[in-house]
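To get this note's numbering, take the position in the sequence shown, counting from 1, and add 23.
Since the hints were made in silico from the structure, they are not lab data. Fair warning: this is a prediction, and the values are worked out from it, not measured in the lab. Please note that the accuracy of each hint is not assured.
Stated by the list, open to error - Across the chosen pairs, the derived CB separations fall in these ranges: (1) Gly110 / Thr226: 18 to 26 angstroms; (2) Gly210 / Pro156: 51 to 59 angstroms; (3) Leu38 / Gly89: 18 to 26 angstroms.
A virtual CB, placed ideally from N, CA and C, is assigned to each residue, including glycine.
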Amino acid sequence: MFYWDWTMILVIPGLLLGLWAQMRVSSTFKKYSAVHARNGMSAEEVARSMLNQAGCGEVSVRSVSGNLTDHYDPRNNTLRLSDGVYGSTSVAAIGVAAHECGHAIQQHEGYAPLKLRSALVPVVNLGSNLYFPIFLLGLLFSWEPLIYVGIACFALTLVFSLVTLPVEFNASGRALRVLEQQGYLSGEEMDGARAVLSAAAMTYVAAAISSLLQLVRLLIIARNRRD
């Protein structure tokens, strides 16, 4: 039997915003994948050059399968670029690669929000897996402390999302400055890279808003249960 309660309405804006953000990323990346940088360098070559100039020569740059699966892995100092990015000379690919370089440079410089986010990962993973069963048990047994333990576990997801925002915006800011100052991109090329990274940033904003709305929903359910 399908169960519905009015608080589910609260999560709909977050879901719609998330879908819109993902669609915007895909369409913007596709648009600027057709625009190739005049310098002829591939995203991998730009990444390698940026890392070397920043004193991050120990970071390796490798390809990874998938679509927009690009990421920097701090555990083994590896920057992984997806199939559509690694060997591409497009403005979109170079922008994405530069953003991931931004994360590697953050780690190299000891950027505090990145350290905090990394420290939160295992705790958030545990909390996100446990919050619903704990919250549900609290409701079933009408035990308020357990309900709020579940809510606290979920709140860690929101904290993680909020910490992620400055990390991602800072990485993009670093990327755009280096791309322009070092002459990897110029003029309209920079506009394209900026559009791609702005679209990507909205996915993190959407995630934070979605987590906030879900937290509000859980608090309302807990309050209504008490009443």
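Checking against the hints above, which ones are violated? Violated: none.
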